[in-house]
Each structure stands twice: as structure tokens, then as C-alpha cells.
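Residues 2 to 222 in this note's numbering are what the sequence shown lists, from first letter to last.
Hints listed in this document are in silico derivations from the structure and should not be mistaken for laboratory results.
You may find that some hints are simply not true.
Unchecked claim - Taking lysine-lysine and the DSS-like style, the derived pairs with C-alpha atoms no more than 25 Å apart in a straight line are:
id	residue 1	residue 2
1	K178	K12
2	K16	K181
3	K192	K36
4	K200	K118
5	K35	K106
6	K31	K145
7	K35	K93
8	K170	K106
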Amino acid sequence: MKNISRVTRTKEEAKTSYDMMSKWYDLFTKVAEKKYKSAGLKKLNAQTGETVLEIGFGTGECIISLAESVGISGKVYGIDLSAGMLHVAQKKVSKSAISERVELKLGDGANLPFSNKFFNAVFISFTLELFDTPEIPLVLDECKRVLKPNGRICIVSMLKEEHDGLMVKFYEFAHLKFPKYVDCRPIYVQKNIEDAGFKKIDNTVMHMFGLPVEIILAQKM
2 MKNISRVTRT KEEAKTSYDM MSKWYDLFTK VAEKKYKSAG LKKLNAQTGE TVLEIGFGTG
62 ECIISLAESV GISGKVYGID LSAGMLHVAQ KKVSKSAISE RVELKLGDGA NLPFSNKFFN
122 AVFISFTLEL FDTPEIPLVL DECKRVLKPN GRICIVSMLK EEHDGLMVKF YEFAHLKFPK
182 YVDCRPIYVQ KNIEDAGFKK IDNTVMHMFG LPVEIILAQK M
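Please put together the full structure from these sequences, using the hints given.
Take a look at the structure:
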């Protein structure tokens, strides 16, 4: 397998960047990412009464959808590095009818502030590829720790393939030259999942402006 690019910006730089972007983030990403996130939510298939975690909830669009799926007997938690994103998401949640079943926290996906075997499912969309290469296994180990036996994880991520297309090569060039702004990059999603000890249940590959996106559902073994 080809090496994937490293993430060289610091987490403090990431916090600052996403805090600055939070107010207008939806204008640029909501339409572009919506169908891939929706496909991931459908694959995760959160059920009434379940307890679900979203890592990297951003502006909260998926949090609201998850809270609607788990119903009044369920609970949805979210964790994000950016205080700006938390503020935007919390405003959306407070205006909805599901605020009592949502709890949002500031924090790092590589060090989750939750107890062992707490969640039925974990959802991560366009976030895992923001972590530096050595941290990806840490994030997935944390997911495995907080999931209940047979718990599910669904990841939506830019995908690194053996034969990269022109758009991937261009994107990785931009990531190399402007790491503080183009801070994510394609990763080997399925390999990371399997290396972490999850069992793949299903996966789908879609394309976003020529960039492959993998949506993978797996189970804690």
C-alpha cells in the first residue's frame, strides 16, 4: 500500500481554524457532504432506545438526525475539538424538539471522556481523516473501548486507493502545500478498521467531485 500523507498542523491550529470557520461552515459543506453523511446514517441505522456517539459533530446536522432516530428513550452524545462548532451545533439543538436527548462535549476523539461499553453505536463522518496517521489507531481503539459488545461503528471518510485518480493527486498536493487549510487527506479506511479489530459488515464507495469516499459499517468483535 502507498503511504498516506501525514497531518502536520497542531491540534491548537485545528481548533483555531474550525472556530473561525464555524459560522459559515454550513455554506460550503452542507450541500457537498450531505448525501454521503446521509448514506452513512442510513447504514448505521440507529434504533429507538440506543445510545449513540458522534465524533466530530461539527455544526450538528447528523446529531439532530441521530437524536430523531433514537427517540425519546435513546440518547445521543457528541464530541468535537472546536468550541465554535460546539456553539453552532448547540444553537441548532436547542431550537429543535430533541434537545433533552442530546449531550455535546468539547474533547478529543483520541481520548474519549466516556466509560467502557457505554454506546450501542459510533458515527464518524469526514473526521477520521483529520487525525494524524499514528492517532488513527488510537481513535479506533477508543471507539472499541466505549462500544458495547457487538456495537456498531460507521465511518464516512475520504478513501485512499492503490491507483489514485487525478483529483486525489491534486488534493494530496494541496494538503502537502497548505496543511493548515487542507488539513484532511484520503486514508485506507477498511484496513484501519480491520487492524483495530472490528469486523466489516458492509461498505460502499461513492465519489465527491472525483474524490472517492468510503462509507463502512463494522462491528465490535
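Consistency of the hints with the structure:
no. : hint        : verdict
1   : K178 - K12  : holds, 18 Å
2   : K16 - K181  : holds, 11 Å
3   : K192 - K36  : holds, 24 Å
4   : K200 - K118 : holds, 17 Å
5   : K35 - K106  : holds, 23 Å
6   : K31 - K145  : violated, 29 Å
7   : K35 - K93   : holds, 16 Å
8   : K170 - K106 : violated, 35 Å
Checked against the numbered hints listed earlier, the structure breaks hints 6, 8; every other hint is satisfied.
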